[in-house]
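If you read the sequences in order, they're chains A and B.
Letter by letter, the first sequence follows residues 612 to 903 of the working numbering.
Letter by letter, the second sequence follows residues 3 to 277 of the working numbering.
Keep in mind that the hints were calculated from the coordinates and are not lab data.
Check before you lean on any hint, since a few could be wrong.
As the list claims (entries may be wrong) - Calculated Cβ distances over 12 Å to all of chain A for the following chain B residues:
| id | residue |
| --- | --- |
| 1 | Thr38 |
| 2 | Leu50 |
| 3 | Leu190 |
| 4 | Thr222 |
| 5 | Thr251 |
What the hints assert, rightly or not - Distance windows between CB atoms, simulated:
| id | chain 1 | residue 1 | chain 2 | residue 2 | range |
| --- | --- | --- | --- | --- | --- |
| 6 | B | Cys262 | A | Asp671 | 16 to 24 Å |
| 7 | A | Gln666 | B | Lys192 | 52 to 60 Å |
| 8 | A | Tyr635 | B | Leu136 | 16 to 24 Å |
Unchecked claim - Straight-line C-alpha distance at most 30 Å; calculated DSBU-like pairs for lysine-lysine:
| id | chain 1 | residue 1 | chain 2 | residue 2 |
| --- | --- | --- | --- | --- |
| 9 | B | Lys105 | A | Lys891 |
| 10 | B | Lys133 | A | Lys893 |
| 11 | A | Lys657 | B | Lys133 |
| 12 | A | Lys893 | B | Lys107 |
On a predicted model such as this, the values are computed, not experimentally measured, just so you know.
Even for Gly, the Cβ is constructed at its ideal location relative to N, Cα and C.
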Amino acid sequence: MNRFTWQSALFLAPATITLLLFAYWPLLQDVWLSFHSWNMVSPTMKFVGLQNYLQLLSSDELIKILLNTVLYILVLVCVNFILPYLLSFIIAHRLNRFSFFYRSALFIPSTVSLAVASILFLWILNPLAGPLNIILSAIGLESPRWFKESGLVIIIIGLIIGWKVFGYNLILLAAAMVDVPKELIEAARLENVSNWQLFRRIIVPMTSSTALYVFVITVVFGLQYVLVPVNMLTQGGPDQGSTNLVYIVYQYGFVFFQTGKASAFAILTMLIYALFLIVKTKVLDKKVHYEN
Amino acid sequence: MKINSYRDWYWHILLLFAVVIQLWPLLFMLSTSFKTMDQIFLSTLNPLPAKPVIDNYLYVLKNLPLIQYIVNTLLIASSITLAKIITSILAGFAFVYYDFSHKEKLFNTLLLTFFIPITVVMMPNYLFISKLGLLNTPWGVILPQLADGMGIFLMRQSMRNIPKPLLEAGRLENASPWVILTRIILPLIKPSVIAMGIVFFINSWNDYFWPLLILHDKPTYTLPLALQMFISAEGGSEWGIAMAVAMLTALPPLLLYLTCQRFIMNTFMQSGVKG
């Protein structure tokens, strides 16, 4: 091994400087901004201490924001974690043929921009002339106004994101499935173990570290993806029915120009993320040791 | 291992159902973009328009600075891709080739940026970019994205898989680190560099949110931003035109994936993106 020299510093510098400057430094600035009251343009900034945080924690909005966020995450965990987990098992171990076809076909939507997905589903879900409405009315159902009903709107947005991300997570999980020794599965089959038992007793323990990773990115990135459809389709509406922990930062920062409150929400998000990652690391250290 | 074929037909039905859900919206986008306004509203569900027309595409070409949007998107996406590839290779190399104190700590610090959400960094970064006078320029979009935590992770991972004797050989001949990196390492990890580059390119091409904050003037828009113009308060009615722009935005990443898919899949399967 070569010792650290000015040479190695040169190799590290471009990435390190960029990431410190545009990822960690803003984090500190957020803390600073969250203790001040400011509107982004005024030359003076007023120090207000913890006031932004107190307002945030005592506001009526907070419950709605957290509920929307939880509901949205639940949809994502179902569509982008549980479903691809089960399907990747079927594709990798229950089929004789076509598994490459399924993997490639199901992956295709994940190459599509969320902006494209948003406008596409705006048309598909159009309550007057959209195709889904036509299908629904053909079987005698009335199409709800998908983006106008509180409670429904955040689920629909979750499903749009789910449609896009599903294939990507499926591929990651399928890669882990392939690593499970065929002999194990063959042995289980000879003993007439049911598919569900096979999945629970063999597949889950042997793929748990990838599964945990996919679970984490489902939540961590899923929360960020929500910005695009919410901004394009609802702007947080109706009546803040589709706003959430991530979009609210944008709303306060760039719509209401209250940087203090925006930063306070950003710091809150970061704390939740950090907590989540710490729990993930702990689980990884303790429980997940079968793989590799 | 053979699974009895007669028993797996119901899995195929289930999976085909999933394929239809995943692909039908895209086929629908394709067919709508070739329909006239009448066909869009009268035969909405018909996947094959009786007389496909390219009017929507012609309209877009004539009435939007479409070429400008494509150039903007291409410039931003390729610059970010190239920069991320270079910085990731250099940093990944340093982590494999050199030994220094707090190496793991520095690596984890850089990797963790992968998990810092955009909402946390967007306001300070926006203020910084505007201070630099880079609002409304592609450079304002590119500058904060010159490096990538996950890229460093992937490059370190592939360089670790290179047999040690190969690196030792270079060292014994007194080759400089630069020569070892470019002559020995890069040729060996070329497949993972290309696969990583494709993923970077697709992601930056598709990016919507950061460009939205930086680019306000219409001539500076990227394709995903241009889509926003077709959403009116009423939900709009020019669906044919909107779908044509959506098609043009979706096509390059889609073609890139379809031409390189075996390659991307294999790299995915082998490198094992594991947390």
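Okay, the hints, checked on the actual structure:
1. Thr38: Holds: least Cβ distance 14 Å, greater than 12 Å.
2. Leu50: holds (14 Å)
3. Leu190: holds (18 Å)
4. Thr222: holds (16 Å)
5. Thr251: The claim is violated: Thr251 of chain B sits with its nearest Cβ about 5 Å from chain A, within 12 Å.
6. B:Cys262 - A:Asp671: 16 to 24 Å: violated (50 Å)
7. A:Gln666 - B:Lys192: 52 to 60 Å: holds (54 Å)
8. A:Tyr635 - B:Leu136: 16 to 24 Å: Holds: the Cβ-Cβ distance is about 20 Å, inside 16 to 24 Å.
9. B:Lys105 - A:Lys891: holds (22 Å)
10. B:Lys133 - A:Lys893: Violated. Lys133 of chain B to Lys893 of chain A sits at ~41 Å, over the 30 Å cutoff.
11. A:Lys657 - B:Lys133: Roughly 20 Å separates the two Cα atoms, so the pair holds.
12. A:Lys893 - B:Lys107: holds (17 Å)
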